[in-house]
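Colleague: Sequence:
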Amino acid sequence: MMQRPGQQQGGPMRGGPMGHGPMMGAPVAKARDFKGTMRKLIEYLGAYRLPILIVFIFAVASTAANIAGPKILGNATTKLFEGVMAELNGTGSVDFDYIGRIALLTLGLYLVSALFAYIQGWIMANVSTDISYRFRRDLSEKINRMPLKYFDGTTHGEVLSRITNDVDTVNQTLSQSLTQIITSLVTVVGVLIMMFSISWVMTLVALVIIPVSMIAVMLIVRQSQKFFKQQQEYLGHVNGHVEEMYSGHIVMKAFNGEAESIHKFDGSNNMLYDAAWKSQFLSGLMMPIMMFIGNLGYVAVAILGGYLAIRNAITVGDIQAFIQYVRSFTQPITQLANISNVLQQTAAAAERVFEFLDEEEEVTETDTPVKLEAVTGHVEFKDVHFGYDPAKPVINDFSAEAESGHKIAIVGPTGAGKTTMVKLLMRFYDIDSGKILVDGHDIRDFTRRDLRKMFGMVLQDTWLYNGTIMENIRYGRPDATDEEVIAAAKAAHVDHFVHTWPDGYNMVLNEETSNISQGQMQLLTIARAVLADPKILILDEATSSVDTRTEVLIQRAMDSLMSNRTSFVIAHRLSTIRDADLILVMKQGDIVEQGNHEELLAKQGHYYELYMSQFKKQSEEVTA
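Numbered according to the numbering used here, the sequence shown spans residues 47 to 670.
By construction, these hints were calculated from the structure, which means they are not laboratory data. Predicted model, so just to flag it, every value in this text is computed and none were measured. Beta carbons: idealized from backbone N, C-alpha and C, even for Gly. Heads up, a few of these hints could be off.
[Claimed, not checked] Pairs of lysine-lysine residues, derived as DSS-like cross-links and limited to a Cα-Cα distance of at most 25 Å, are as follows: (1) K428 x K438; (2) K195 x K428; (3) K536 x K481; (4) K310 x K275; (5) K438 x K499; (6) K275 x K299.
[What the hints assert, rightly or not] Pair by pair, the computed Cβ-Cβ distance ranges are: (7) L265 x G352: 28 to 34 Å; (8) F127 x R78: 55 to 61 Å; (9) N610 x R78: 34 to 40 Å; (10) M333 x E304: 41 to 47 Å; (11) S659 x K536: 34 to 40 Å; (12) N610 x D496: 51 to 57 Å; (13) T546 x W168: 23 to 29 Å; (14) R95 x H487: 44 to 50 Å; (15) Y156 x A132: 46 to 52 Å; (16) S386 x W168: 56 to 62 Å; (17) L265 x L91: 35 to 41 Å; (18) N285 x G451: 51 to 57 Å; (19) E411 x M260: 20 to 26 Å; (20) F127 x Y319: 54 to 60 Å.
Please build the complete structure, drawing on both the sequences and the hints.
Modeller: Structure (structure tokens):
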């Protein structure tokens with residue numbers, strides 16, 4: 047996954063001699079309610095109190111062992127120095143036994159520290175992975191409980207981003223940054239105590255370096271931030287243009303748009319180059335400046351330490367230990383500064399996840415659902431009113447009756463409310479007022495699962511997935527045998543062209559389903575509906591995007607499918623619904639006419655105008 051400028055990766059920062067890492071200047075996504083979101087996240091972590099407490103104890107112990115190491119090694123350095131000086135003066139020798147014991151003790155401390163760090167990392171990895179699993183499970187379950195109106199107003203990419211990117215951000219913070227916060231805080235406090243225990247004068251000198259470093263960082267960040275913003279903006283322009291051009295590559299070349307496309311790309315790309323160069327150059331200055339300031343700090347500490355050692359205020363080992371502590375002190379400060387950005391990103395990601403989990407769900411199902419032993423397929427609409435926005439009704443006082451086994455056609459101009467009626471019938475949306483009855487029972491008295499099992503759907507926008515032909519047909523009834531699948535395929539006129547493919551029913555459809563034609567896709571969805579064997583069918587403009595020959599095949603398949611079933615057919619091609627038992631003509635959410643084909647033509651009303659306009663158009667096409 048591409049990392050945007052300013053996004054900090056987990057793990058310890060690698061810095062210069064003083065432990066400073068480069069602080070990126072890009073803006074960080076912030077949560078609207080940081081405290082509230084973090085409180086929710088902590089509550090979500092409630093089940094893991096004990097593992098997190100153990101992680102905290104091990105992190106503190108690991109850090110404490112690391113902090114004690116330089117002080118103990120300083121004693122060994124002092125002993126070695128004193129021994130060397132004694133040998134030079136002829137008054138003694140180096141006590142290698144003592145130094146060896148110190149070395150073994152230090153090695154033991156570092157091994158214990160490494161072991162504790164491993165244990166707390168292992169525990170935290172398990173906790174973070176489990177939390178990610180819970181998040182994704184809760185999000186997946188939430189998706190299935192949410193009304194379709196949410197997805198009508200939210201892009202698929204936005205929903206996927208919450209499930210993938212946002213959850214990954216939280217996971218990364220929990221697995222890496224949480225322990226880093228603990229270790230950094232303990233390190234800062236512990237090292238500061240050890241530095242003051244060695245020399246308060248040297249500590250004050252070392253602390254002066256921090257504000258100098260911060261001032262330098264702030265000055266650079268202030269300049270680089272605006273260029274990082276520009277970089278992100280123009281990166282979006284470039285990516286958007288490339289995606290747009292390549293998705294419509296054929297059309298662009300057909301209209302000789304290459305020159306204009308290249309010109310537009312070059313303009314955005316040049317702006318991106320300029321902003322990226324400046325932002326990267328300025329952020330690249332961070333490291334050498336921090337190294338320079340850090341080295342100045344080392345020089346000051348070394349000179350002052352040498353002076354104090356000459357005056358016997360401190361030992362040589364203390365100087366060595368102090369320099370190590372200075373290095374250990376500045377690094378966690380930089381880490382904490384970077385972690386603050388990470389926490390802001392985490393809060394923003396967690397807020398998006400919790401917002402999704404708190405979204406309004408579908409209307410709760412009845413506690414006493416109706417269970418039909420046998421479905422006849424009688425459907426009745428009574429005074430149905432509905433609007434996606436309550437202030438803007440789409441369906442007004444819709445009333446109609448579909449007898450069991452009848453074919454009901456719904457026609458009308460685009461936006462008349464035809465597809466909306468189907469969505470209401472399947473209870474993808476709940477009506478504002480009125481009733482929709484199936485076999486005399488209000489559809490709200492069924493569970494959604496039981497209601498939708500009564501229906502089979504064949505839509506204009508076909509949906510097949512990355513799997514075999516057999517698996518895609520069996521989606522209509524997962525427990526169907528291979529023989530039943532093949533029988534459904536034969537009924538839908540699929541079997542003959544499946545045998546022309548190399549692997550037959552075992553042929554795998556690619557992710558874009560581009561290895562079969564649109565007509566074949568449509569026939570496969572009809573085979574799926576045949577296999578499901580529903581009592582009520584919904585056919586939504588299933589032949590609108592295929593050629594005439596394929597339309598004939600699809601029409602035959604649908605005729606076979608509709609036999610002895612209540613069928614609702616939405617069609618723009620009126621020639622396909624002339625044999626319908628009832629035709630409902632809709633306009634602006636109302637039924638303006640209803641009857642069979644001959645009755646409606648005789649009225650010479652709205653249906654007559656629609657039919658004649660299509661007939662005239664077809665005649666003109668034949669003549670041409």
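Colleague: Next, verify each hint and record whether it holds.
Modeller: Hints versus structure:
1. K428 x K438: holds, 20 Å
2. K195 x K428: At roughly 23 Å apart (the allowed maximum being 25 Å), K428 and K195 satisfy the hint.
3. K536 x K481: violated, 38 Å
4. K310 x K275: Within the cut-off at roughly 20 Å; holds.
5. K438 x K499: violated, 31 Å
6. K275 x K299: violated, 33 Å
7. L265 x G352: 28 to 34 Å: Check passed, 32 Å falls within 28 to 34 Å.
8. F127 x R78: 55 to 61 Å: holds, 59 Å
9. N610 x R78: 34 to 40 Å: 57 Å Cβ-Cβ, so the 34 to 40 Å window is violated.
10. M333 x E304: 41 to 47 Å: holds, 43 Å
11. S659 x K536: 34 to 40 Å: holds, 38 Å
12. N610 x D496: 51 to 57 Å: Given a distance of about 21 Å, which is not inside 51 to 57 Å, the answer is violated.
13. T546 x W168: 23 to 29 Å: The hint (23 to 29 Å, Cβ to Cβ) is violated, given that T546 and W168 are roughly 55 Å apart.
14. R95 x H487: 44 to 50 Å: holds, 49 Å
15. Y156 x A132: 46 to 52 Å: Because 29 Å falls outside the window, the suggested range is violated.
16. S386 x W168: 56 to 62 Å: Violated: the Cβ-Cβ distance is about 26 Å, outside 56 to 62 Å.
17. L265 x L91: 35 to 41 Å: 38 Å Cβ-Cβ, so the 35 to 41 Å window holds.
18. N285 x G451: 51 to 57 Å: This hint holds: roughly 54 Å between Cβ atoms.
19. E411 x M260: 20 to 26 Å: violated, 58 Å
20. F127 x Y319: 54 to 60 Å: holds, 56 Å
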